[in-house]
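Given next are the chains, with one letter for each unit.
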Amino acid sequence: MQNAVRRLSRWINREGVFKLALVAPLQVTMWLILIVPTLLVIYLSFVRWEPVLGDWTRAPFAGLANYAHVMVDARVWETLGRTLIIVFFAVSLEFLLGLALALFSLNTFPGKRLFTSIILYPMMLPWVVVGFTFYLLFLDKGPVNYILIQLLGSGGAQPWFKEPPLAIGTIILADVWQWTPFMFLILYSGLGALPKEPVEAAMTLGAARWQIFRLVTLPMLRPVIVIALVIRALECFKIFDLVFIMTGGGPGTSTESLSLFIYRTGFVYGQLSYAAALAVLLLIAISLVTRIAIRPLEYREEAR
Amino acid sequence: MTDAPPIIRLRHLRKEFDGTIAVADLTLDVAEGEFICFLGPSGCGKTTTLRMIAGLERPTAGEIWLRERRIDPLPPQQRGVGFVFQNYALFWHMSAYDNLAFGLRVRGVSPAEVDARVREVAESLELTPVLRQRASRLDLSAMQRVALGRTLVVQPQVLLLDEPLNNFRPGLREVMRGELKRMQLSLGRTMVYVTHDQEEAMTMGDRVLVMHEGRVEQVATPREIYRRPATLFVAGFIGRPAMNFIETQYQVEDGRAFLRHDALRWEIETRREAVERQAPSGRVIVGIRPEDIRPAVLAVPEGRRGETLPVQVDLVQPLARRKIVDVKVLDLVLKMVVPGTFRVDAGQTLDVVMDRGALHLFDPQTLRAIG
Amino acid sequence: MTRMVTESTPSPVTVAPPVPARLYVAGALRLAVAAGIALIFFLPVLWMLSISFKPPAEWLEYPPTLWPKEPLAGNYTFLFNPGNPEGAIAVMTGAAEPVVPAFANSLVVAPLATLLSVTIGFLAAYAVSRFHVGGTFMPFFTLTTRMFPPVAFAVPLLLYYSAVIPRLIPGLRLYDTRLGLILMYVAFTVAFALWMTKGFIDAVPRHIEEAAILDGASRWRVLFTVTVPLVRGGLAATTLFIFILTWTEFLFALIFTQRFAITVPVQVSHYAGAIGRFYGPQAALGILASIPVVVTGYLIQRHLVTGFTFGLVRE
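These protein sequences, in sequence, are chains A, B and C.
Each residue of the first sequence is one higher than the one before, counting from 1 in the working numbering.
Each residue of the second sequence is one higher than the one before, counting from 1001 in the working numbering.
Each residue of the third sequence is one higher than the one before, counting from 2001 in the working numbering.
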C-alpha cells in the first residue's frame, strides 16, 4: 500500500514536472519581459513623470490627467487618423494585388519557381533598407520622377517628400511593395488548400469561370482572407521603420505614424507619462478591435 | 434493345497519368434512358471514365459523343451533363435552396422561374422542409438529395453519379438505392452510375460494365454477368462468397474428355471442342459458385446433375437465411452455401454434388472464358 | 497554424481544356506578364545596387541611368574603412562609421536570439499541443506581443532596463548590451515560434510517441529522439523565419542601443540620416544588410509556400 502510493505520486510528479519544465521558460520570459513592463506602463500612465524630474518611484500621482491630455490632444487624433488612412490604403492595395498574383500563379508557367522567389524577397528585406530604397527612388531627381517626366512631360515630376499627401503616398507604396508578397503567400496557400470538388460541381452546373470565382471560391476563402487582413492590418498599424527612414515624420509632422509619435513623445521629448497613457489606450483599443474583427470568424467556425 | 441511336458514345477512350494508364481503350454505347453501372475495385478507372464524360478530366485519346455532338473538346459547362459527387461537393456556405438554384441562377434565369423549378424538385426529393438550412448543417441523406436535386434542376441530358451512396450506412443504403432507381425510372433520364459495390450494380443496373485496371472486362446485363462471366476477374468479382476456382488439366481417356484435378475429374462433352481450340496448353481453370455446390440430398430435387463427392466440413458460418460452409476435399478448400435450415457441423463428412451445368471454364493464360 | 500540404496543383478554377495552339500563346503571354511583374518587384533593389557601385559624381546625376558609367567598389570598401576612401569619395563627416561592429553585433544577437526563441517556443508548443497546457487562453495571450505596437512596450521597458533591473540585480547591465537585446527579441518572437512549431507538432500523430513511451522511454527522451526528428523541417522553417525577424528588427534596437550594441538596421539609419548624404555607401550598406536575410528567405521559400492557411480551410 505504502509502495503503491509512493509509486503513484512519483508518476504524477514526472508528468507534472515535465509539463512544467516545458512551459517554464516561456512563462518566465513572458512575465519578466512582458507582464512586468505592462504593469509599469500602467503605473507610469497614472503618475506625472519625466526623466528630468528624477526618481520615478516617487513621481506624484496624477490620476487620469494623462489620459485626459491624450484624449483632447488634436495631434493624437490626427496621427491616429493618418495612420488609419495609411493602413486602409496599404492593406487594400496589398490585398487586391496579392489576390491577383495568387490567381495568376495558380497555373504553372516556365520559371515559376524563380518568379516566386523574386516576388517573395521584398518581405525579407529589413524595413530600413526598404525605406531607404524608396527614398532614393522618389528623390526629386530620382528615377521615378524621371520616368514620370518621360511619360507625362515636365509637369509629371512631383515633389514627393515636400507635400504631405505625396509623402504619405510614397510610404504607402513602399509598404505595398514590401508586403504584397505576404498577402500573395497567404492567399495562394489558401486557394491551393480549398476543396476542388465544389468548383468542379459548379463547372458541371454551367457556371463560367468568373462566376465560380465570385460565388464559390471567394466565399470559401473568406476565413483565410479575414485572417490575412487582420494580421496585415495590425502589423501595418505599427508602422515605424519606413516612416522614420523615408520622411522622418515630415514634412513637419504631417506623415508621423502613431508609433513614431509615441516614440517621439516618449523618447525624444521625454514625456514618458503621456506616452504611457497613450500606449495603454492603444493596447485597449487594439484588443477590442481585434476581438470584434475575429468574432464573425469564430462564430462561423462553430456553425460548421 | 431499342433502335434509337445511343445517347452517349465513347470511342477508344484512353487516359494516362504520368505514364500510368488509368483507362485503356474504352468503347461503349449507352442507350437513352438506360441505367448503366460502372463496377470495379478502386483504382480500376471507373471514376476516371466518368469524369472524362463530365469534362473534369481530359482524355489522352479517344472521343466522347453526346447525341450528335462531340463533347470531349468542350469544357464541363457546355456539355449538359449532371454530376453527383461522392462527397456531394455542396456549396457548404449556401443554403439548400441556393444550392439547388445555383445552376439556373448562373444562367440568368428569372428569379420567379428559378423559384418554381427549385420548389418542384425540392418537393419531389422531400427537401422542402430544409430548404432554408445551411448546406453544412444538413444530415447525410438530405445532403445526398440536394446533390442530386442540384443537377436535376438544370435538366441535364445525362446524369453521372460517382459512388453517391458510399457514405450511407448499410440499412439506409438499400433504401436510397430503391429511391434512386425509382426516380430514374419515373424521370426516364439516362444515368451512369459508378460503384465498387457489386450488389448495388447488380440490383440497380440495366447493364453493368465491369472494369479492372483500366480495362473493360465485360459489359452485359446483370443476369448475363452472373451466369456467363466473360473473364476470370468478373467471375471472381461478382457473387458473394466468391466463386471457387480449381486448376485442372484437360485429358482424353477412352475417347471421353475430362478435366482433371488430382483425383477429381469432370467429364465435358459439349464444351470439349471449345476447350481444345481455346486452351491449347491443356490447362483449364474450372470455376464453380458456392451456390452451385449442393448437398447431395438437396441436389436431386433441385435438378442438379453431377457426381456425388464426399467432402470434409471444415467451418460453418451461419448467416440469416443461409450458411456458408468451408469444405475440404483433397488439397482444395471450397466454399459452399446451404440453406439456413440445413443441419451441418464442422468435422462431419458430407456428400455434395457439383452441378455440372454450372461449371465455368477459363483459360489461365488469356483469363477469358472458354465456350 | 501551418499545414503540411504538398506543392499545390493548379485549381480547376482556371482549367478549361483549350486547343493546343491556344495553349501555347497563353503560356507565352503568361510568361511575359510574369517577367514584367518580377521586374517591377526587382527594380527598386536594382536601383540600390546601381547606386552602390556609382562614384559620388553620379549619385544625383540627372537623367538617372541604371548602369554606372564608372563602376567602382569604393562605396563598399568605404564602409569597412572610412578613414581610407578609395576612388573619388569626397566629403566625410563625423557620421561615417565603420560598419563591422554593427555586423558583429547583429551576427551575435540575431542567431542567439533565434535559437533561444525557437527552443523556448518549441518546448512550450509541445506542452500546448500534447497536454493542452494553458488551455485556449495562454497561447493566444502570447500573441499579444505581436498585436500591440512595440513602442507601447518600449516605454516601460526602457525604464525597466535602465532603472529597475540594475536595482534588482546589481551589476547586470541590459541597456545598450547584446544580452539586453537578445532577451528582448526572444520575448517578442517567441509567440511566432510557438505557433509555427505547434502546427508542425500537431501534424505528428500521437501514437508514435505513445508507442515509444510504452516501450519505456522517458518523456524527455521521446521528445528529443522521436518528435524532434519528425518536425525537423518545421523547426528549420521556424528558425529561419525568426532569424529574419530578429535580423531586421529596428525599433527596439534603436531605442535600446547607443554605442556598443548597435545592430545593422540601426547602422543603416545612421547612414541614412547622415548630413553628408552618402548615398553610395548607404546603398552599399543596404545591400550588405539584406544579403543574409535574402539568402535565408530563399532557403525557407519552399516551406513558406507549402502551408500558411492557419488551419482555417476545411477539406
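Hints are not guaranteed to be accurate.
[What the hints assert, rightly or not] Which residues of chain C face chain A? A partial, calculated answer using Cβ under 7 Å:
#1 2060
#2 2063
#3 2268
FYI, nobody ran anything at the bench for these hints, they're computed from the structure.
All values derive from a computational prediction rather than experimental measurement.
Ideal Cβ placement from N, Cα and C applies to all residues, glycine included.
Evaluation of the provided hints:
1. With a least beta-carbon distance of about 6 Å to chain A, the hint placing residue 2060/C at the interface is held under the 7 Å criterion.
2. Nearest Cβ of chain A to the Cβ of residue 2063/C: about 5 Å, under the 7 Å cut. The hint holds.
3. For residue 2268/C, the interface hint holds, the least distance from its beta-carbon to any beta-carbon of chain A being 5 Å, beneath 7 Å.
This entry satisfies every hint, going by the numbered hints stated previously.
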